[in-house]
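Construct the complete structure from the given sequences, taking the supplied hints into account.
As a plain string of letters, each chain reads:
Number of protein chains: 2
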Amino acid sequence: MQNYITDTFKTASENTSHTQTATESVINYIRNLILNRELRIGDKLPTENELCEQLGVGRGSVREAVKRLEAISLLNVRRGDGTYISDVRQNKAFDSLLYKIVLEDIDFQEIVDYRIQLEIGIMQLAIRNVTEDILKELKNNLFQFSQYITNEEQKSPVVLHDLDIQFHNILGKASKNRLLADVYAVSLSLFSPYMLSNYGKGQVQSSPEVTIENHTLLLNALENKDISLATYAVVNSTQLWQKWNDYTSSPFQ
Amino acid sequence: MQNYITDTFKTASENTSHTQTATESVINYIRNLILNRELRIGDKLPTENELCEQLGVGRGSVREAVKRLEAISLLNVRRGDGTYISDVRQNKAFDSLLYKIVLEDIDFQEIVDYRIQLEIGIMQLAIRNVTEDILKELKNNLFQFSQYITNEEQKSPVVLHDLDIQFHNILGKASKNRLLADVYAVSLSLFSPYMLSNYGKGQVQSSPEVTIENHTLLLNALENKDISLATYAVVNSTQLWQKWNDYTSSPFQ
Numbered sequence: 577m578q579n580y581i582t583d584t585f586k587t588a589s590e591n592t593s594h595t596q597t598a599t600e601s602v603i604n605y606i607r608n609l610i611l612n613r614e615l616r617i618g619d620k621l622p623t624e625n626e627l628c629e630q631l632g633v634g635r636g637s638v639r640e641a642v643k644r645l646e647a648i649s650l651l652n653v654r655r656g657d658g659t660y661i662s663d664v665r666q667n668k669a670f671d672s673l674l675y676k677i678v679l680e681d682i683d684f685q686e687i688v689d690y691r692i693q694l695e696i697g698i699m700q701l702a703i704r705n706v707t708e709d710i711l712k713e714l715k716n717n718l719f720q721f722s723q724y725i726t727n728e729e730q731k732s733p734v735v736l737h738d739l740d741i742q743f744h745n746i747l748g749k750a751s752k753n754r755l756l757a758d759v760y761a762v763s764l765s766l767f768s769p770y771m772l773s774n775y776g777k778g779q780v781q782s783s784p785e786v787t788i789e790n791h792t793l794l795l796n797a798l799e800n801k802d803i804s805l806a807t808y809a810v811v812n813s814t815q816l817w818q819k820w821n822d823y824t825s826s827p828f829q
Numbered sequence: 577m578q579n580y581i582t583d584t585f586k587t588a589s590e591n592t593s594h595t596q597t598a599t600e601s602v603i604n605y606i607r608n609l610i611l612n613r614e615l616r617i618g619d620k621l622p623t624e625n626e627l628c629e630q631l632g633v634g635r636g637s638v639r640e641a642v643k644r645l646e647a648i649s650l651l652n653v654r655r656g657d658g659t660y661i662s663d664v665r666q667n668k669a670f671d672s673l674l675y676k677i678v679l680e681d682i683d684f685q686e687i688v689d690y691r692i693q694l695e696i697g698i699m700q701l702a703i704r705n706v707t708e709d710i711l712k713e714l715k716n717n718l719f720q721f722s723q724y725i726t727n728e729e730q731k732s733p734v735v736l737h738d739l740d741i742q743f744h745n746i747l748g749k750a751s752k753n754r755l756l757a758d759v760y761a762v763s764l765s766l767f768s769p770y771m772l773s774n775y776g777k778g779q780v781q782s783s784p785e786v787t788i789e790n791h792t793l794l795l796n797a798l799e800n801k802d803i804s805l806a807t808y809a810v811v812n813s814t815q816l817w818q819k820w821n822d823y824t825s826s827p828f829q
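Going down the list, the sequences are from chains A and B. Quick note on my numbering: the first sequence kicks off at 577 and runs consecutively. Quick note on my numbering: the second sequence kicks off at 577 and runs consecutively.
Treat the hints with care, since some could be wrong.
Treat identical chains as interchangeable: a pair holds within one or across any two.
[As the list claims (entries may be wrong)] Distance condition first, Cα-Cα at most 20 angstroms in a straight line; then the derived EDC-like pairs of lysine to aspartate or glutamate: (1) Lys777 x Glu729; (2) Lys752 x Glu646; (3) Lys643 x Glu600; (4) Lys752 x Asp683; (5) Lys777 x Glu614; (6) Lys715 x Glu785; (7) Lys712 x Asp738; (8) Lys712 x Glu799; (9) Lys715 x Glu799; (10) Lys819 x Glu789; (11) Lys752 x Glu686; (12) Lys819 x Glu686; (13) Lys819 x Glu640; (14) Lys819 x Asp663; (15) Lys643 x Glu626; (16) Lys620 x Asp709.
Keep in mind that the hints were calculated from the coordinates and are not lab data.
The following block contains the structure:
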């Protein structure tokens, strides 16, 4: 088939040439090569000279672009050899989308709506794809959670929070969809301070059975492949989360 | 309320201390300050000395961490003054999540499932929140698309692709949820090469009415606030996308 990368790149750069610096156009070019699978993990980037020639930009811009992509662990510069596409699966991804979201100071209601849609998507796929092993992991987590609530005098919000996050990350894994699970894992970091804050305010102390019940409902929905129950459980637990958050206007006070 | 950042940080670093370098622990510390809203856009970072002391790491590690976060445009170093949290809303976010996803070489079926769940979430919120202005934007896009298909002899895959992406980005905006819309916009970049490739293979030439019909169904679902129709339209158009992709094993050949 015809190759459209150059066309798309040209269209993109024509549309934005008034705002795009030379460095950004090098970054976009490399981005497009990756999106179009012309460059894969372990592949060598074109040389500095080739990039300068192909894009009509100076050596400084190419170096700056490579430096930035190296900083996000996308590129790996080997001295005297060349620049390679890193094995991003090994790297802890830089959560720039997460930073953007957090720093934009989004309303809590938007976060709640977002969480509901995301978790319903996760549950929809998890109902189709969950395995016995993962059900066991969820049950084990739920057991630890219940034990901790029942037996410990002093309930640490940090422990409760960590077990809760762990439960939800297992749900992400249950979907057997790495894209949705990745987005969910990043999003859980965004929800995490609110969850921690709610535990600090006494969410579990005042009604331990409700917190356990919501996780139990999610587990039952998976076992019975019941999407209505899953939807109910997601909405229910998100509302509990919201209710506790509403005790103060923000968890960060 | 009690402040749990230090606790969480300690727990996190104890759990992973065997794999975490000093630079990474500085990055995680700053990340937690941001996630917990202790640092917001425009705020000044603690000094190098303060960070070294608080975290028990060397000056080199702090510098390396700041350099990396500067490269993803999260921090802004002002010489002789200090280091500040950048206004990320102004920056084009580095799509590290996107790179991770693309470079992981995920099955097309996973992408299809992911797209269906994501778009159903978008439609669910868009049905609640869409405004007259946005409906007009969608209609205008659909009109341009139809005109182009009907009137042009030579149909450029790039033009069709750009109008299609534009339609879906307007749907994202219609959800009035910046989180979901951001995730959707990043994900559309992932779907984009497949869409472009399908247009190149003749998806529109062979059945223009089907392509227009799917967008029309999505628009009707919004106007009639009909989530069943929306679900049908999402599944339908994703299946068309999949069908054309299946003509070859990959769009990148």
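These are the hints, each one checked on the structure:
no.	hint	result
1	Lys777 x Glu729	within (16 angstroms within a copy, 66 angstroms between copies)
2	Lys752 x Glu646	neither (30 angstroms within a copy, 34 angstroms between copies)
3	Lys643 x Glu600	both (12 angstroms within a copy, 18 angstroms between copies)
4	Lys752 x Asp683	between (30 angstroms within a copy, 11 angstroms between copies)
5	Lys777 x Glu614	between (51 angstroms within a copy, 19 angstroms between copies)
6	Lys715 x Glu785	within (16 angstroms within a copy, 49 angstroms between copies)
7	Lys712 x Asp738	within (18 angstroms within a copy, 46 angstroms between copies)
8	Lys712 x Glu799	within (11 angstroms within a copy, 44 angstroms between copies)
9	Lys715 x Glu799	within (11 angstroms within a copy, 43 angstroms between copies)
10	Lys819 x Glu789	within (16 angstroms within a copy, 42 angstroms between copies)
11	Lys752 x Glu686	between (26 angstroms within a copy, 8 angstroms between copies)
12	Lys819 x Glu686	within (15 angstroms within a copy, 35 angstroms between copies)
13	Lys819 x Glu640	neither (47 angstroms within a copy, 41 angstroms between copies)
14	Lys819 x Asp663	neither (42 angstroms within a copy, 31 angstroms between copies)
15	Lys643 x Glu626	within (17 angstroms within a copy, 27 angstroms between copies)
16	Lys620 x Asp709	neither (39 angstroms within a copy, 47 angstroms between copies)
Of the hints listed earlier, those the structure fails to meet are numbers 2, 13, 14 and 16, in rising order.
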